[in-house]
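Q: Now for the letters of each chain:
Number of protein chains: 4
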Amino acid sequence: DVPHDTAVSGWLPRPIREVPLTGEIRLPDRALRPEGTVVRIGPATIGDGTINVFAGPCAVETREQLFASADAVAQCGVVGLRGGAFKPRTSPYSFQGLRWDGLDLLAEARERTGLPIVTEVVQPDHVERVAATADALQIGARNMQNFSLLTAAGQAGIPVVLKRGFGVTIDETLGAAEYLLNAGNDQVVICERGIRTFETATRFTLDLSAVAVFKQRSHLPVMVDPSHAAGIPSLVEPLTLAAAAVGADALLIDVHIRPEQALCDGKQAMLPTDFAQLMGKLEMLAMGIGRKMG
Amino acid sequence: DVPHDTAVSGWLPRPIREVPLTGEIRLPDRALRPEGTVVRIGPATIGDGTINVFAGPCAVETREQLFASADAVAQCGVVGLRGGAFKPRTSPYSFQGLRWDGLDLLAEARERTGLPIVTEVVQPDHVERVAATADALQIGARNMQNFSLLTAAGQAGIPVVLKRGFGVTIDETLGAAEYLLNAGNDQVVICERGIRTFETATRFTLDLSAVAVFKQRSHLPVMVDPSHAAGIPSLVEPLTLAAAAVGADALLIDVHIRPEQALCDGKQAMLPTDFAQLMGKLEMLAMGIGRKMG
Amino acid sequence: DVPHDTAVSGWLPRPIREVPLTGEIRLPDRALRPEGTVVRIGPATIGDGTINVFAGPCAVETREQLFASADAVAQCGVVGLRGGAFKPRTSPYSFQGLRWDGLDLLAEARERTGLPIVTEVVQPDHVERVAATADALQIGARNMQNFSLLTAAGQAGIPVVLKRGFGVTIDETLGAAEYLLNAGNDQVVICERGIRTFETATRFTLDLSAVAVFKQRSHLPVMVDPSHAAGIPSLVEPLTLAAAAVGADALLIDVHIRPEQALCDGKQAMLPTDFAQLMGKLEMLAMGIGRKMG
Amino acid sequence: DVPHDTAVSGWLPRPIREVPLTGEIRLPDRALRPEGTVVRIGPATIGDGTINVFAGPCAVETREQLFASADAVAQCGVVGLRGGAFKPRTSPYSFQGLRWDGLDLLAEARERTGLPIVTEVVQPDHVERVAATADALQIGARNMQNFSLLTAAGQAGIPVVLKRGFGVTIDETLGAAEYLLNAGNDQVVICERGIRTFETATRFTLDLSAVAVFKQRSHLPVMVDPSHAAGIPSLVEPLTLAAAAVGADALLIDVHIRPEQALCDGKQAMLPTDFAQLMGKLEMLAMGIGRKMG
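Residue numbers (my numbering), protein chains in the order written: chain W, 1 to 294; chain Y, 1001 to 1294; chain V, 2001 to 2294; chain R, 3001 to 3294.
Hints were generated in silico from the structure; no laboratory data involved. Treat the hints with care, as some may be off.
As the list claims (entries may be wrong) - Pairwise CB distance ranges (calculated):
1) Lys3267/R x Thr200/W: 33 to 39 Å
2) Gly2114/V x Gln1261/Y: 56 to 62 Å
3) Glu2260/V x Asp1101/Y: 52 to 58 Å
4) Arg2129/V x Met3284/R: 42 to 48 Å
Just so we're clear, the structure is a prediction, and the values are computed from it rather than from any experiment. C-beta: ideal position from N, C-alpha, C; glycine also.
Using the sequences and the accompanying hints, generate a full structural model.
A: Following this line, the structure appears as structure tokens:
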């Protein structure tokens, strides 16, 4: 019911650009599209009521690691593969990703599994090249108020997963989404991945209330990344189930074949066997609440 | 001097008092009772895998208001009635509760509905008298590091619902629980009700990860209060479902027959009709995840 | 126009109690007393523009420890001695203070040094007895929304130092002060001691902006406790100087003769020699900004 | 490929690039240069014990506005002019700055006043052109973990003012500085401008403890921006004095000739007359603590 007759947008009517310039949230506003936006990433439809799981390793490290992880999550019924080729890291001495080689490996993994790929883009002049390969761009939490990057990503012609910054409010996140929408792209998924609080038992505090608030205020679908939020694999299962129950349209989950050897955020990755169990439970919960897996 | 021969306690072996004095969390530790503690409030059993809903008005205001609210929630299948007779309020000019008269009304409401009552106690020398009427004591978020009150409540001989302070960590909450347990009472329910963060879209940020962490670290059952956390009635339903999915043993929900006239926190209370819908959805979700309603 | 005809209170005109009951901050409002309130603790006058330092050990541990610490800070020119006889501790197994014996030792230390003493009170039924000995009561951060305690302390007839809770806003702190003022006591000092934030390099985040805001919004004098905020002795000096520069009327500083042996919060205490240096620098800064040491 | 033979760098010994790759903070470490780094912005020397004030409007709006503001702050004895030509804004509909025209106006203002200019750069491919005009680059809080931008700015050959992100820890800020230093530039000033907390009385919570911690952990000089932190002009004076007292090497202050007409963050700007008074007080305080104005 939501026509997408140009590549990704075609949605924004011209008059929208003529509205008076204020600081208000406008294009992501639920009122503009009460039925909600459906974002298509490969064959997956995010925002139509289904629960869609994207999984894979935080970073692409080797062909063997990526393919084994991709195969594992594909067998569990995910709708897409996540994997970072460019990794923004707090320290310049940490592993920064395989970069363009990593992107090529992701394309191979897509060939192999049939899964669309979501991968992060970190600077404006990379957008075109990353968009030529990826099925959806990810804007990371640290770059989500990098407005040059948002504007470039909004013009890329493919869907964008916008992660909420860990010090950024719900409304500021919608402000960042506004940059993407205003650049002509309505194929935007907002991703909650935890905020900074005083609590140190978890790496960040996953703000599941924000999922419900995003759904009330905006027509954009919402994804949840419990892996980065918790930083602890054993918390990913309960938080995934809670995210689905609170109304998330999609999940983004770190799965690694050998978490203890991961070059980036390995401590938080699930083993494929645990992930398979989680997918089974998620499907049961989905039935309970009258939703289907994507 | 603290006898352990009653139903509610009898748990703490004497040698526990002889352990060396350190600052560690000890008695709430999951390792001490891996199977978990079951807390009995009236006929309800909290901690045995069932999902138990306590509901009612934030404050007891009038006989008519309390009875109407109590009847409404009783019809929805709750296991207990909540209601505040003593209300700790940020301003001395706000309604402070009906006090002992409110407690008498709660006792009448129990007669009428058969529901056990949970109500807050605010000072040590009230504990005995409140405990003579109530089925469980509630320690409020603002008093949860009032160690004199904790010690008194721990000796009351009835179950205690301990709310996490909104600036208090998970481990400090277990430290407060330690005061209750150390006073001879193992019938303690920890209640997550939101923490203070920079996000202002919700009144507090409900920390559902904390529920999972509490369950991993401690044998005590965990309750969630989505009403006080969100401060917005429309968020109570998704947060209740998420709380159940993340593993909460119990819910504490504000229901008021006329929220707009409530003397305390009325804005956050649900209408009985909305609450009835919520209970239906919760039951469906419970089936999906293989749990039963308490 | 504001008569002070009794020892500490006598300030609140009767009509104030007849104002309509709303949740607003009223009695601490700067508008009520634009010239500011002067709080007298022993011979010290807090709120008249002078900079007043209270120092001493976090907890009274032994006669020898208390007297040596008291002598040391007395020689440095402080206006008062701090020391805890009742210690609210996160764990029931931590040292809880010498209690009434500690209070007796504080009285002896006052005899010895001539310094007025400020000490914490932790439960309502202790107020009268603590107030019979102490020169000022301290309400700790964990009890500052324990409204029964506030009401009792407000009726004690001696000044009260009200510490801001670490999860409590500026306006809620003024709400807690309202309880004290409403009980008939205008001799209230608000104490900023750090709030909970995501930053972990310091124990809490000292909110020095709050000092300026308190001074703008309220006529009550403001104290700063850099020791508990920072949790690191080497930060106490720069934070003390900053507190004076931002407009604090008083400082509360942990000094211990042997910090490494302290039974409570020892890590944060300064050595007397470092404290002496700090006092010298503070005096220089005071001259620079046209203020005098109290 | 990064030559170190110019005035601004020449610091980093070649072997530094051969140290083993770990995630530790290395180049900003105080131990590497215990005497501290002096950063030269025009004739100003930041980090040699002097107190250096940079002031001007948040955004360059018109020639008349910029020149009047620049003249006003020049007369007050500042060492540099701040002004934004590129403004990263939360909403795409807010004023985004005059961009290259604004940069040209800043160059004219430097001609006119003799003051060096500090201005923000927002994307990597702007760095070279902005650096050709500005005396120092500013990395804004929202871009401070935009590592592509940091790397580009570190290679620009002019000093960089690195603002701490409002959700970023002290150590992560030093991690961002590491990117700049590792790119061959030791002329880096860290700027504290407030963090996100639950307190809403101020726009952010200025973390003055962080200034002291930065000075202890790192050899880099530290600047404080009280204007953006507080968001309230009347708080800028006390916070500036406190920043100097806690050990800041520099201040960054919003001054606008007509704050009520400002196109960006006008509410927080000081009037030139108030700023003149502040400068007088700051000089007095500096004398008190044995420091000189830069």
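Q: Determine for every hint whether it applies to the structure shown.
A: Structure-based check of all given hints:
1. Lys3267/R x Thr200/W: 33 to 39 Å: 34 Å, holds
2. Gly2114/V x Gln1261/Y: 56 to 62 Å: Hint holds: Cβ distance 58 Å, inside 56 to 62 Å.
3. Glu2260/V x Asp1101/Y: 52 to 58 Å: 55 Å, holds
4. Arg2129/V x Met3284/R: 42 to 48 Å: 47 Å, holds
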